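J.: Once you've looked at the hints, dock chain B against the given chain A.
First to last, the sequence lines map onto chains A and B.
Numbered according to numbering that gives the first Met the number 0, the first sequence spans residues 0 to 528.
Numbered according to numbering that gives the first Met the number 0, the second sequence spans residues 0 to 307.
Hints were generated in silico from the structure; no laboratory data involved.
One should not assume that every hint holds.
In silico DSS-like links for lysine-lysine, alpha-carbon gap of 30 Å or less [said to hold, decoys possible]:
#1 B:K271 / A:K63
#2 A:K63 / B:K269
#3 A:K373 / B:K275
#4 A:K449 / B:K267
#5 A:K488 / B:K275
#6 B:K222 / A:K449
#7 B:K287 / B:K222
#8 B:K99 / A:K488
#9 B:K165 / A:K488
#10 B:K275 / A:K449
Since the model is a prediction, treat every value here as computed from it, not as a measurement.
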Amino acid sequence: MRRVTLCVMALMASSVSAASARGQVTFERILNASEEPQNWLTYSGDYGGRRFSALDQINKDNVKNLAPRWVYQTGALGKFETTPLVVDGVLYGTAQDNRAFALDARTGRPIWQYQYIYPSDVRMCCGRVNRGFAILGDKVFLGTLDAHVIALDAKTGSVVWDVTAVDYRKGYSFTLAPLAVKNMIVVGISGGEYGIRGFIDAYDADTGERKWRFYTTPGPGEPGHETWAGDSWKIGGSAAWITGVYDKETNQLLWTTGNPAPSNRRVQREGDNLYSNCLLALDADTGKLNWHFQYTKHDEHDWDSTQIPVMMDLDGRKLIGHANRNGYFYLIDRTNGKLVLSKPFANTTWSDTKDAEGRPIARTDSSPTLEGTKVCPGAAGSTNWMSPTFDPQTRLFYVTAREQCDIFSTAPEVNEEGHAYYGSAYFPASDAEPYWGALRAIDPLTGEPKWEFNHVSPSWSGVLSTAGGLVFSGDSEGNFIALDAATGKVQWHFQMGGAVYAAPMAYAVDGREYVAIAAGSALFVFMLP
Amino acid sequence: MMRAKTSLLKSLGRTRRGLPSWSPESRVTRPGGVLLRGASILSLLLFSCFGSPAQDRNPVANDPKAAAAGESQFRANCAFCHGLGARGGGRGPDLTRPQKRHGKTDGDLFRTINDGIPGTAMPQNGTTSQGVGMTAEEIWQVVAYIRSVEKKSQSAPGGNAAHGDKIFHGAAGCSTCHMINGKGGRLGPELTNVATARSAESLVESIRYPSRRLATGLIENTKEFPQEYETVTVVTGDGQTFKGVALNEDNFSVQMMDTQQQIHLFEKDKLKSFAKTRESMMPAYDEKTLSEQDLRDLLSYLFEVSAK
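Same shape as in the complex, but just chain A (with noise of 0.2 Å):
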């Protein structure tokens, strides 16, 4: 049986680190991140981006037995965001309010607790939001509001090195976890909503040294650089601010990035905008990109492409999978950025019509007016930032999908450094309209719904499968659900007294597994009793 031999294999590599020295994390052993299910060495998981955990203590005949082993409450008010990381016992997590901690990963317990402390008038769009650490040696990775980026010793918190990206007073941050590649810390910004110029960079991780940068919108003599009028591409937004994944073979970063500045406005950027909206295939050593592809071509709408890229490898094809915050689901080969399938797995009125690619095409009545036009899916999109899993025993992609359609109206509006630079406002579509979510399970290869479990109200929960059979995945309304992989069907739900904004992960300790959320403002652990 498989999940035995797993479980078996996952209890004897936990009790093998626990009784050695805590080791580092090397880079060696983030590339290997499947051999040591008990610990979640990055933000997804894995280079992959899955969040699939090969750990199944945890399984579809037990976890009606699931309780709450431990909270943590960080004391922050606002959206907490994090993903933790597992290493050998100890849990690092980022919280709101650029507050971080490490934890006793079987009691809660606190080893030490930072506050990272910023300027007051911080430019956030959306709350000041963190979504986690980076690993690498013998050290954690920060992203921080103000636009630093932050190494704190792993055992103390101690700050290592503190290095200045940019400068916050423009409308730059981060808000994303680090991804730890090599030697390097690599960071997309955030900020698509001030006029910004988008970046992705790398530091060394030892001496925080910028190693390369980027620019998501390209200089003049840059290719690309003909897809923006004017001088708008030094404004034009494109922030990269969700954790991208990393693809060994071919030693390339395969990352995200978001909508164009200003979101809903025309006449300031005619062209293409790239590289908005775009999966960027950069090479890790250098920064230099190697070819991309752009999901929505001068987007009016709001729709960034920042969810993560999922990398699966089905039928002998190295793919990406990817749930487009424009409703539709594309498939793409990783090894050359061409378009496989694209498949809507939500409702979209903004497209009928594709391109010789396969690429949907916005029908120009769906621009937004003075007046506003009705689209769907609405400015928070089909899905948004919520991780997606891809469980590679069910061959399924799971995502979080929101079904709300906007009325788009645009507004004059000039850019001024570091103040808000929308061009546009958005409105519900109708008050008597409701808006609502689901868990939806889609056969990646085809772009088939399999199933769909209905939240009474849109989730910004992301979602974890295990190789128990399950799918966990949490709420607006306060519940963390663990759900058969297979068929949707729930198994087992807690209140926890908070609305998700966070990912599950799992994780386990002495050969017992874990699985963690956020919720409110409070870290959420469970186990079986």
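T.: Here is chain B on its own, set in the frame of chain A:
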């Protein structure tokens, strides 16, 4: 740019016993942009609840350029709930009316925008996914914009409030389901202050076409949208049927009030059936059941009550 370790950064360090405490240092933007440090979180909260001695005067008061900039901010940050032109939406009050429930001065408005109103859907500046966080300067511009669209006097409906009182508590039967000043029923929203929170137009819409926009009910922390007064019908395991409004609901349970105004708490998996509609339980009052004059009188009563 590289930066050495600086004193700005402060690890809270380890403590051997007990929970390490967060740094007492905190920063909060006050209306004047003053930075408060070294104060406890509690005293900061008290500050925001009871007002601060900081600047209450709008530095851009009566400046048409600032008001124009404020309109742009308003569209991006506020109009989702308060409507275009600040005339009120389904979720937020009409701000063109001179009377403001949460304080009238420019400083009050600044604090309302920056701090939010706890227990309501009005969020703290920059904490939602609607719109962006505004700087102090931008908040003052929004205040200037709100002043520029404010009407000079309360646009009272011009009816007979005393007669409206009689209609509410008598002929129209409003008080069967709605409470004002502690008197009346519980099935529908409490209405003592409704006229400060809603425009006359939206009140008329709610009376004539109650299903067009359902009323906002329970607000839960950090949940995106509040619960609404949806109509639910349940059949219990032993075959009893209950119809009423949902007070709250999630995937696994429902808390409802039936038409007899009794509260019922159900786990959904123990029910035979559960149905929910976006039809309001409230009957529609057309011109036959409530004449235009009676409607004006009723509105006058609601305005009079909420002005007290």
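J.: With reference to the structure, classify each hint as holding or not holding.
T.: Verification of the hints:
1. For the hint linking K271 (chain B) to K63 (chain A), the alpha-carbon distance of about 22 Å falls within 30 Å, and the restraint holds.
2. For the hint linking K63 (chain A) to K269 (chain B), the alpha-carbon distance of about 17 Å falls within 30 Å, and the restraint holds.
3. Between the alpha carbons of K373 (chain A) and K275 (chain B) the distance comes to roughly 26 Å, so the proposed pair stays at or under 30 Å and holds.
4. Between K449 (chain A) and K267 (chain B) the alpha-carbon distance is near 24 Å, which keeps this suggested pair within the 30 Å criterion.
5. A threshold of 30 Å between alpha carbons decides the hint, and for K488 (chain A) with K275 (chain B) the separation of about 21 Å falls inside it, so the pair holds.
6. Restraint check for K222 (chain B) and K449 (chain A): satisfied, since their Cα atoms lie roughly 28 Å apart, inside the 30 Å limit.
7. With a CA separation close to 40 Å, the supplied pair K287 (chain B) and K222 (chain B) exceeds the 30 Å bound.
8. At most 30 Å may separate the alpha-carbon atoms for a hinted pair to count; K99 (chain B) and K488 (chain A) exceed this at roughly 49 Å.
9. This hinted pair does not check out: K165 (chain B) and K488 (chain A) have alpha carbons roughly 54 Å apart, beyond 30 Å.
10. Using a Cα cut-off of 30 Å, the hinted pair K275 (chain B) and K449 (chain A) holds, with the two alpha carbons roughly 26 Å apart.
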